[in-house]
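Dock chains H and U with the ligands against chain Z, hints included.
Heads up: the sequence lines are chains Z, H and U, in that order. No gaps in the numbering here: position 8 of the first sequence is 9 in this note's numbering, and each next residue is one more. No gaps in the numbering here: position 29 of the second sequence is 31 in this note's numbering, and each next residue is one more. No gaps in the numbering here: position 695 of the third sequence is 737 in this note's numbering, and each next residue is one more.
Because the hints were derived from the structure by calculation, they are not lab data.
The following label-pair restraints were derived from C-beta to C-beta distances:
1. Lys13(Z) / Asp729(U): 47 to 53 Å
2. Asn521(U) / Asn122(H): 45 to 51 Å
3. Glu22(Z) / His58(U): 38 to 44 Å
4. Glu494(U) / Asn122(H): 29 to 35 Å
All C-beta atoms, glycine included, are put in the ideal place defined by N, C-alpha and C.
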Amino acid sequence: MPTVFIPPSLRKLTGNQERIEVAALSVRDAIAELEDRYPGVGPRLCADGAIKPGLSVAVDGNISSLGLLQKLKPDSELHFLPAIGGG
Amino acid sequence: MAKKRVVTTTINGEQTEFLCQPRQTLLEALRDVLNLTGTKEGCSNGNCGACTILMDGRPVDSCLVLAVESEGAELETIEGVAPAEGLDPIQTAFLENAALQCGICTPGFIMAAKALLESNPHPTEQEIRFYLAGNLCRCTGYDKIIRAVQDAAKSREEVTV
Amino acid sequence: MATVEKEQQAVSTNGHYKVIGTRPIRHDGVDKVTGRARYGADTRLTGMLPAAMLRSPHAHANIKSIDTSKAEALPGVRAVVTSADLPDATDRVANLGEGTVNLKHLSDNVLAGDKVLYRGHAIAAVAADNIHIAQEAVKLIQVEYELLPPVLTALEAMKPDAPLLHDDLRTDDLGEIADTPSNVATHIRFEKGDVEAGFAAAEVVVEREFHTATVHQGYIEPHNATALWNADGHITIWMSTQGTCTAPQQTAELLDLPVSRVKVVPMEIGGGFGGKISVYLPPVAAILSKKTGRPVQLVMSRTDVFEATGPTPGSAIRIKMGVDGQGRITAAEAWLAYEAGAYPGSPVGAGAMCVFACYDVPNGKVDGYDIVVNKPRTNAYRAPGATNAAFAVETVVDEICEKLKLDPIEFRINNGAKKGTRRIDGPVYPRIGMEETMAAIRDCEHNRTPLEGKHRGRGVATGFWFNIGLKSTAQATVNPDGTVALIEGSTDIGGTRASIAMQLAETLGIAAEDVVPTVVDTDSIGYTDVTGGSRVTFATGWAAYLAAKDIQGQMIERAAKIWDCDVTAVDYKDGGVVGPDGKRFSFKEIAAEAHKIGEPVIGRGSADPQEPGGAFGTHLVDVEVDMDTGKVTILRYTAAQDVGTAIHPAYVEGQIQGGAVQGIGWALNEEYFYDDQGTMRNSTYLDYRMPTTYDLPMIDTIIVEVPNPGHPYGVRGVGEVPIVPPPAALANAIYQATGVRMHELPMSPPRLLHEILKQRASNGDQ
Ligand code: FES
Ligand code: FES
Numbered sequence: 002m003p004t005v006f007i008p009p010s011l012r013k014l015t016g017n018q019e020r021i022e023v024a025a026l027s028v029r030d031a032i033a034e035l036e037d038r039y040p041g042v043g044p045r046l047c048a049d050g051a052i053k054p055g056l057s058v059a060v061d062g063n064i065s066s067l068g069l070l071q072k073l074k075p076d077s078e079l080h081f082l083p084a085i086g087g088g
Numbered sequence: 003m004a005k006k007r008v009v010t011t012t013i014n015g016e017q018t019e020f021l022c023q024p025r026q027t028l029l030e031a032l033r034d035v036l037n038l039t040g041t042k043e044g045c046s047n048g049n050c051g052a053c054t055i056l057m058d059g060r061p062v063d064s065c066l067v068l069a070v071e072s073e074g075a076e077l078e079t080i081e082g083v084a085p086a087e088g089l090d091p092i093q094t095a096f097l098e099n100a101a102l103q104c105g106i107c108t109p110g111f112i113m114a115a116k117a118l119l120e121s122n123p124h125p126t127e128q129e130i131r132f133y134l135a136g137n138l139c140r141c142t143g144y145d146k147i148i149r150a151v152q153d154a155a156k157s158r159e160e161v162t163v
Numbered sequence: 043m044a045t046v047e048k049e050q051q052a053v054s055t056n057g058h059y060k061v062i063g064t065r066p067i068r069h070d071g072v073d074k075v076t077g078r079a080r081y082g083a084d085t086r087l088t089g090m091l092p093a094a095m096l097r098s099p100h101a102h103a104n105i106k107s108i109d110t111s112k113a114e115a116l117p118g119v120r121a122v123v124t125s126a127d128l129p130d131a132t133d134r135v136a137n138l139g140e141g142t143v144n145l146k147h148l149s150d151n152v153l154a155g156d157k158v159l160y161r162g163h164a165i166a167a168v169a170a171d172n173i174h175i176a177q178e179a180v181k182l183i184q185v186e187y188e189l190l191p192p193v194l195t196a197l198e199a200m201k202p203d204a205p206l207l208h209d210d211l212r213t214d215d216l217g218e219i220a221d222t223p224s225n226v227a228t229h230i231r232f233e234k235g236d237v238e239a240g241f242a243a244a245e246v247v248v249e250r251e252f253h254t255a256t257v258h259q260g261y262i263e264p265h266n267a268t269a270l271w272n273a274d275g276h277i278t279i280w281m282s283t284q285g286t287c288t289a290p291q292q293t294a295e296l297l298d299l300p301v302s303r304v305k306v307v308p309m310e311i312g313g314g315f316g317g318k319i320s321v322y323l324p325p326v327a328a329i330l331s332k333k334t335g336r337p338v339q340l341v342m343s344r345t346d347v348f349e350a351t352g353p354t355p356g357s358a359i360r361i362k363m364g365v366d367g368q369g370r371i372t373a374a375e376a377w378l379a380y381e382a383g384a385y386p387g388s389p390v391g392a393g394a395m396c397v398f399a400c401y402d403v404p405n406g407k408v409d410g411y412d413i414v415v416n417k418p419r420t421n422a423y424r425a426p427g428a429t430n431a432a433f434a435v436e437t438v439v440d441e442i443c444e445k446l447k448l449d450p451i452e453f454r455i456n457n458g459a460k461k462g463t464r465r466i467d468g469p470v471y472p473r474i475g476m477e478e479t480m481a482a483i484r485d486c487e488h489n490r491t492p493l494e495g496k497h498r499g500r501g502v503a504t505g506f507w508f509n510i511g512l513k514s515t516a517q518a519t520v521n522p523d524g525t526v527a528l529i530e531g532s533t534d535i536g537g538t539r540a541s542i543a544m545q546l547a548e549t550l551g552i553a554a555e556d557v558v559p560t561v562v563d564t565d566s567i568g569y570t571d572v573t574g575g576s577r578v579t580f581a582t583g584w585a586a587y588l589a590a591k592d593i594q595g596q597m598i599e600r601a602a603k604i605w606d607c608d609v610t611a612v613d614y615k616d617g618g619v620v621g622p623d624g625k626r627f628s629f630k631e632i633a634a635e636a637h638k639i640g641e642p643v644i645g646r647g648s649a650d651p652q653e654p655g656g657a658f659g660t661h662l663v664d665v666e667v668d669m670d671t672g673k674v675t676i677l678r679y680t681a682a683q684d685v686g687t688a689i690h691p692a693y694v695e696g697q698i699q700g701g702a703v704q705g706i707g708w709a710l711n712e713e714y715f716y717d718d719q720g721t722m723r724n725s726t727y728l729d730y731r732m733p734t735t736y737d738l739p740m741i742d743t744i745i746v747e748v749p750n751p752g753h754p755y756g757v758r759g760v761g762e763v764p765i766v767p768p769p770a771a772l773a774n775a776i777y778q779a780t781g782v783r784m785h786e787l788p789m790s791p792p793r794l795l796h797e798i799l800k801q802r803a804s805n806g807d808q
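Next up, chain Z with everything else stripped away, as it sits in the complex (with noise of 0.2 Å):
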């Protein structure tokens, strides 16, 4: 199953869990489990029905520009991470 990294700025919310499978076919689904099993963590990583502004997920890897949409494997990682800028 795919695995969230927790932030630790929301592991208060985890029970202090810092990876969380989620039985997930898309970033967005992984989060609806998440805030389902530990509530309040979905308003921590989406509004208006997409990624906050100035975070980003990354799915193996890789800032995803599908955000919510983004779909996992069995074996994916997600991390939230800031969203970066370049020079």
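Frame of chain Z; chains H and U with the ligands shown alone:
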């Protein structure tokens, strides 16, 4: 506002008369009155060399010269460097050495390099570095500019031999 | 155009390409050496009016009133604008090409509302018959200020009793908002493993604090914009920008118009390095144009550029690192506070992700803080956020190596990140080239030549930058003579017309010179993200590759028609189509044939690639220090970098050399020097001292090619990472030369001399 003056100069080999205000710099007159926008403005206070032109054969920061001071002078700008067909060896050397990235500093460097090679046809690397220190380039780190001037010196030699 | 052979700078091209790896003369070259290329400030339009801006003389003040009546009465003045002319911006956060921006902040930065937050903050603008009248009129605008105390550094601004810049700003910790207002906009944290246990297992632990000054990108061309607000409601802006497509978005948002109403015509651009993404002038010029019915041009002065565009943050950084007896890193901790300037948005997130990115750190913790101060709103500058962090961590690594008597290059190879290493911020690396760049430096002639002489030293440091992907579009039209006209939306700051055209040429098997690339306006090409993030050769190159593939497909179909065979019997190979029975058309031939029969051939490519492939660079430098003045002379410099595949090696070298020299300037001289009132005291090139020809030796480059698996030609971004290692490499070299460890940038003569004298005093041998 002070009245405009008539200034008579030679620019790139052609006698040119233009009208300017006494407070206008030569850089402003070139760019805004004469539409010679190849000469660039990077700082307007003599610290970047983007506005370098040749005045009576000497490189000057045209932002530090008043337009009225050019009365009777011979001016050469980047627009006058290339012959009617083809390019000057300095321009070719800049292209072949990839000595420009954004290119905003390039006209100034080419004018300064021209003045250098006219006064010192075989400069050492240190002499090139010393002579061009008044021209800033933020893109290249200068390496390829120095090599271009070295190459230009060589090919000018071949042309004159 | 001739292809230039350069034996003395040969690189390790992987040999299986025809065009990639060669050095054709760039397509826009002749225009740029003859003065014919038109940059933003060269725009000349019929009836154009120049304009000037009023800027705040104070770093922090409330605006009580603005009276423009005297300015308006001056003969020759055509229009005046203030923030009252801008639509009310909402507190909406939007992604407009430079990460996310709060629109209210962007709008207030363009023209200040009721508060000025830094010296140079724009307040009003005047369009007049000539620039001198406009400048005189600006002086006649009367502003009544209520002065507030300024706060100028991250550490000062974090204090609980610091003056607040924004009453409504409260610290955001991944969506958890603090109760009370503060200058700390954001807190970021990463954790991995068990840090306490890690430090307990260490033999040596070093902890140091570092400070870096605000520095500017320093592009030679000042910002400019020429706008025409036409009577039909359409706005055209001629400007120099890194973001042809993001500038109209930002402008449209600020003017509260649909984006289709704003067209940007990208002029040539005289450098950007991240600083020409934000929009400053276009909305102001547009409103002045609306009021006057004429095109209006705004061009910044050099002082405006320094005081009122986006430099890169000053910072305070603490690093703690532990290493065991075997020379393995056991734990590392970083605390980073970056000055965002007047509005939130420093690149501290990227700094926090980059700080330990070169190493395999089993246990780590990183805290990052984004802090507002009374300085201009900062912007990206080449690998934004990474250089500050690398200066700190690479200096600590050097000190640890010294303490444990380890070779700094071997230490970095042994502890270096590689494929499979998990970063502290979480993700696992794909194939990367950190080790290869270290090995290249270890084995290079420079490193194998011993350095001799008094007060001389050699330093090494490494750095990482992510690079970004994002969206690009390219369109290619096949001409009957077998050439291809390529249009694209990425403004060309350093030879990218060539590097994109070369990828198209490679794919079609034609010469680079047979491709004619043009950068076009926003009505003429699909959306293309900024020229930044080391992405153009990677992503727009990819779009060009796709456009070429599209052409290949159409040529195959056409050939099948001509040969009256099935398309599956036709292939595109070696620069042409091949069919049954040895039939073949070269690209030129099929182009001519295709013109005779059937529809014109146009290839299109649009890309949004996701794997930019991180880039590593390792630099080696020799210095000599004048012990009486503290002046550092660079004797020799070598930079090795993993570039994936070098498309046009000369421009790859150029990026590495240019980035390294900007890093050298950052390290040794450049800084915003503020007085306690928040006035920058060195806002000219004379006093803001950037490197000149005379300050430098040649910059040797070693191009390492570890192809990026995420690109058809293996391209990694090139432009940004070379700025990252120089400050630390120089600090480490200075230590070797003097025995003094520098913890503050810039390491300018007065600062270094101070440390040298302090050391002499403590050694008792003054
Ligand atoms: S514009 Fe004249 S020296 Fe900079
Ligand atoms: S090439 Fe850009 S400043 Fe020199």
